[in-house]
Structure formats: structure tokens, C-alpha cells
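Enquirer: Spelled out from the first residue to the last, the chains are:
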Amino acid sequence: MRLLLIEDHDPLREGLCQYFREAGYLVDAFSSGDEGLWAAESGGYDLVLLDLMLPRVDGMSILRKLRAMENPVHILVISARDGLEDRLEALDGGADDFLVKPFPLAEALARVRALLRRSYVKKSPLIHVADLEVDPVKRLVRRAGRVIELTALEYRLLEYLAYRTGEVVPRTDIWERVFEDGEGGSSNAVDVYIGYLRKKLNAGGEADLIQTRRGQGYVLEGRES
Amino acid sequence: MRAKSIRLSLLIRCGIGVGVLLCLLSCSVYWLVRQSLYRELDNSLEETASLLGNQVELENGGIVHEWREGMGANHPLIANGLYQFWDETTGDTVRSPALHASNLPKYSGLDGKPLLRNIPLPEGGRGRAVGLRIYPFVLPEEVERMKERHAVIDPRTLPHLLVVARDAEPIHRTLERLKMMLVAGTACTLGLGYLLVGRVVHISLRPLERLTREVRGRAEHQLDAALDVPGELPVELTGLARDFDSLLGRVAVTRQRERDFIRHAAHELRTPIAGLRATTDLALSQTREAEAYRHHLAVCQKTAIELGELVQRLSMLARIGQTPQSAKQEPVDVAGLLTDCEASFQRRAHERGLSIDHRFPDEKVIAGADPALLKIVFNNLLDNAVCYAAAGSTLWISLRRADGRVEMVFGNAAEDLPDPIERLFEPLFRGESSRHDAESHLGVGLTLSLDVVRAMGGTLQARRAEEGAIELVLELPAAE
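First to last, the sequence lines map onto chains A and B. Just so you know, UniProt numbering puts the end of the first sequence at 225, numbered straight through with nothing missing. Just so you know, UniProt numbering puts the end of the second sequence at 480, numbered straight through with nothing missing.
Chain A extracted, bound-state conformation (with noise of 0.2 Å):
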């Protein structure tokens, strides 16, 4: 999961940005309106934390222009302002949460999660996937009542598939919303990545859960026996 972070005060982005890099998202972090703006429209994130003051553009300016392109990314706005009237403008003006400064980086992070269950359409924290199950606040993986040990870019790889569960999800998609820019390598590890997969989820002698798609992609789902 990719995330974009648009806040001007340094300390703040920056202990958000390691948070959740910890956490196991892909974080973009900008610190004034225009860039931050120019980030948001050209698209592939799941989710933009957004100040509202911001340098050059201001957040709610951001909002409005991202909405009226019909861009379809969940908005959290993080913002100093706590007023009735602040608060209503920014989700009136399609921000999709509204969080007030100081918060603990614990709420920020499961705001986030609450956001990406809504913009896969998941109620349950816990992702099921025939015997597969993925535990997002946990990082965990089971299969069969098995704990499946997966690195940090197997996990976020997954966790992705099983938030577009019986969606065809293209490898380009995957590339940019799971491998870190700058990790070098091509969309070929994304063909690599899902080998590692299959083989710790199937180690157990299960059937194969990703099927591959032709020229299209990958899709995670239980098979019909």
C-alpha cells in the first residue's frame, strides 16, 4: 500500500513517514501544497494524509481540485484547526476522515487501515481467502492454522492481492503500490516476488491461491474443489 503525505512541519512528517514505513506502507512525504498536489494527481496511491495549511496551495484547495478530477483516493486530513465549521468544510469538501492535531500516531494508523477496509470494500480487520488468512494490524499470515513467516515486501505484497481478493490486479499496479522506488530491478520482480509466495503459502502441499493471468496480471482467490 502506497501512501501520500502532504504536512510542511518537519517533525511531524517526518515521525509520520517512519511510522508507517514501519508499519509496512510505502510512504511518499511532501511539505508544501503544490508539490503535494502534483503527487496526488498523477495518482497511485491508496490513501493521502492531508494538512490543511499548507505554503503555496493550502490543503482544503488540494481537496477541492483532487474531487472536482474525480480522483477517487481516500483523503485523511490531519489538521490544527479543530473548529465545528473547519471540520465540516473538509469532509463536506470530500475529505473522507478528519483528524485533529496532536493525535497518537496509533490513531493516524488504524484511521488508515479503517480507510483502506473502505476503499477494498473490507468490514473485517481479519482478510479471509478460502484457508489463507491475513492479519492486518498483526502483520500475520496463516494458512490451514499455519503461521506463514514472509518478509517485509512478501507481506506487503500480499496484503495487497488480498485487499483486491478475486480482482485481476495488473503488475504494474503491484510494482507501484508494493516495491519501494529505488529498489532497483524492473516489473520482473514482481514475477520473482510471487514465486517467493507461492511457495511459503503452498509449502503445506495447499493448492495455489494466485493464479496467474496472462498479459494481465495475478488474482488471489480460493479455488472451487
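Source of the hints: derived by calculation from the structure; they are not laboratory data. There may be inaccurate statements among the hints.
Calculated cross-link-like contacts (lysine to any residue; reagent style SDA-like; alpha-carbon spacing at most 20 Å) [claimed, not checked]: (1) A/Lys-65 <-> B/Asp-416; (2) B/Lys-302 <-> A/Gln-211; (3) A/Lys-65 <-> B/Asp-419; (4) A/Lys-65 <-> B/Arg-400; (5) B/Lys-375 <-> B/Arg-400; (6) A/Lys-65 <-> A/Cys-17; (7) A/Lys-138 <-> B/Leu-284; (8) B/Lys-302 <-> A/Glu-14; (9) B/Lys-302 <-> A/Lys-138; (10) A/Lys-122 <-> A/Phe-103.
Far from chain A by the CB rule (all over 10 Å, computed), these chain B residues [claimed, not checked]: (11) Glu-40; (12) Arg-263; (13) Asp-416; (14) Ile-421.
Backbone N, C-alpha and C define an ideal beta-carbon position, used for all residues, glycine too.
Place chain B on chain A using the hints.
Expert: Chain B only, in chain A's frame:
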């Protein structure tokens, strides 16, 4: 000290006023009646004395009391009258029959002129008497006879003293009765007056009581709301209510300023506190290397310094609004003061490669302002212009007088102007290029300037001059 009651004060004052008026009126009535009664009595005494004075005749070389002969014709006067004659030559005296053997006081005015006075009557009781000197009356025939006898007597050599008295008790009784009536009338009028005045005062004070209830009933959260002034409020109280409303208006402004201050303070403090919280949350979210903790602590220290600077800005903001009452108006040579202020910015302007274009008229332009406060405004505007102008550009300052106002324009090329541009005057607003220059730009300069200019009866506005340029327009009342 106990507070005085308006009702009691009005009652006492009205009572004293009415009482004094009634006493004066009663005394006047008493005095007029007394004067009238005494005048009537005195006239009667003088008429009797005049009548009796003509009754003493010089006849055949001796004095004849004619009134004794006329007793039958004027019996009541002769029989009941109290009068007495004294022959001043011989000392003989003649009394009216009613006096029996008693004497009346013997007196007359200066040179024998009639003199009225109160006397005690011989049988007791109070009387009124007139005493005068008379001379015997001489008929022309008697003069002829004295000439024939060659014994002409001058009546002025035979002076007599006449005192006529009357009983004054009826007058005194009448006056006593009148006095009682006046005292009783005054007392009754005063009593009734108190009741009536009390009622009138009570009715008159009702609007004041309603106003008082309105003020007393004001809840704390309504302190700055205007009074619900009763429609029939008397004109004497309208001013008070208006002044009170004006006071409430000032309270409202102060409260709004406090609320704004708290809102701005909370807003400004939240972001660094959020940064502090994020850093500590992150540091404690898992076990880390010592170097990582060191880094997080350094971030916390930087944020704490930032918070300290914020507190400094908030302290300055809290002081905004305290200057207007001290603003005074005096003629100020605007161009002269501006030139003085510019001197301290020349070095910084030079360092940034800025030049200043002056557009001043030839004649002096005088504004009505407080020179000390105007200097603060000029310093703030020049500081902003020099700090925010694009490097190497030209600042322009124009000055003109029009329609009784003095207009000054401070212009400079600037990037990143806020939208709307009035946000420049928001407390703690700073252009992003100065975000890390908290020492020189605290985001309160223009707010403070606006407050000060308003206190001097002027205006301060910002406008976009052209693409990438800003003008701050300062207007002040002109002075001769």
C-alpha cells in the same frame, strides 16, 4: 457606606420642597390676613380719632368737648368707645364713659403725629390704640367774637393729646383660628403629597427597575449581548441604556479578541505539539538503537525551541489591542518621519540588492497621527517590504493628499501572496519564506499595524498591484 435609594431621596426632597412651599404660602396668607384685619381696625381707630379730634372746641375762652353734647346722636361711639383727652397745658384729662376711672396709655407719635400701637386694655385683654396731638377747633364766629373782646387766643397754644383704643381680641381670635387651619392644611397636604409623590416616584422608576432586572438577569454567557431595552424607556434612561450597550459592545470586542487569541494560540501550538507527540510515539513504538533515540531526542529539542518561539509570538499577540486608547492626534510630517524610518533599513535593502523609488509631492504632507505609533507602523511596513520583496527588485513608496486624507502606498514585487490577500493581517500569519525566520518575523507585525492605524482613525489595506506585486495602502486623516 450604605447606598442611597433614589426613591427615598426623591420622597425626602419632594417632601422638603413641598413643605417649604406650603409653609411660605401659609405664612404669606396669615400675614396678608393679619395685615388686612389690622388695617381695617387701624382705619376705624383713625376715623374715630379724626371724628373725636374735631369735637374739642375753643369757645368763650375755654375748651368745650362737643362730643359730650352729641352722645344722644352717636351713642354707641360715645358710650362704648375707649378714648381719653389730656390738656397738655393744664394736665386735665377727660375720659370716655366706658373707661370709668381707668386711664389709657398716654402717647403720641413724634411731634404729635398719630401713632398706632398694641396696648393692654384697662379691664384686661389685648387692644389696639392710636395716640395723637390735637388742637381745639375754633369757629369763624368765635374768632370774630375774640377780636371784639380783644382777647384773641391761638388754639395752637392749647394742645391736647387724644388716645383712642379698641378691643383687638376678635382679631386675635380670628388669626388664631386661621393659624390652626393653615397648620392643619399644611400637614394634610404634606401627608397626601407624600402618598401621591411616592406613587408617582414608584411609577416613574418602573422603567429603571425593568432595566435593572434586564441587567441583573443577564447570564454570564450573554454578557456581550445587547440589552433588550424596553420600548417605553424614558429619554433620561435611553442614554444610559445606549452607553451600557456600548460598554457591552466593547466587552464583546474584548471577549471576541480573547476567543480569537485562544483559537490562534491553540491552533499554533497544536502543530508543534503534534510533531512532538509523533516523534515520541515513534521513538517508543519499538526498541531502537541508541543513535535512533538520539535522533528523536534532537527532533524533540528542536520542536521545544520552536514552541518557545511560538510562546514569544503569542505574548506579542496578547499585547495587540492595548494601544488604541493611548493614540493621540497631532500634525506629523509624513515624508520626514518615513525618511527617518527608512535609514534603519538601508543596509538590509542594500544586502538584498533592493532600490527604493520615492513618489513624494514637492510640498509637505501633514497627517493627523500619533508620531510614536506611526513610526511603529512605518517600521513594520518597511520591514515587510524589505524582507519579502524579490531580491534585486525595486520597492516603491508613494505619498499624496486627497479629500482630507493622506494616502501612502508601500509596494514591492513578491512571490507566494496568500489568497485572499487579507490573510496577511491575520494574527500569526507568515509567508512561508519566513517560516524559519521567527526572530525577525513573528506574524504579528501587520496585525499590530492594522490595530494601530485604526486607533489613529485610518485604514490599512493590501492589494495586488500587478502580476507578482503587492501594495499596502495606508490612509490617515490629513491635518493642516
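Enquirer: Which of the numbered hints are not met once you compare them with the structure shown?
Expert: 2, 4, 6, 9, 10, 12, 13
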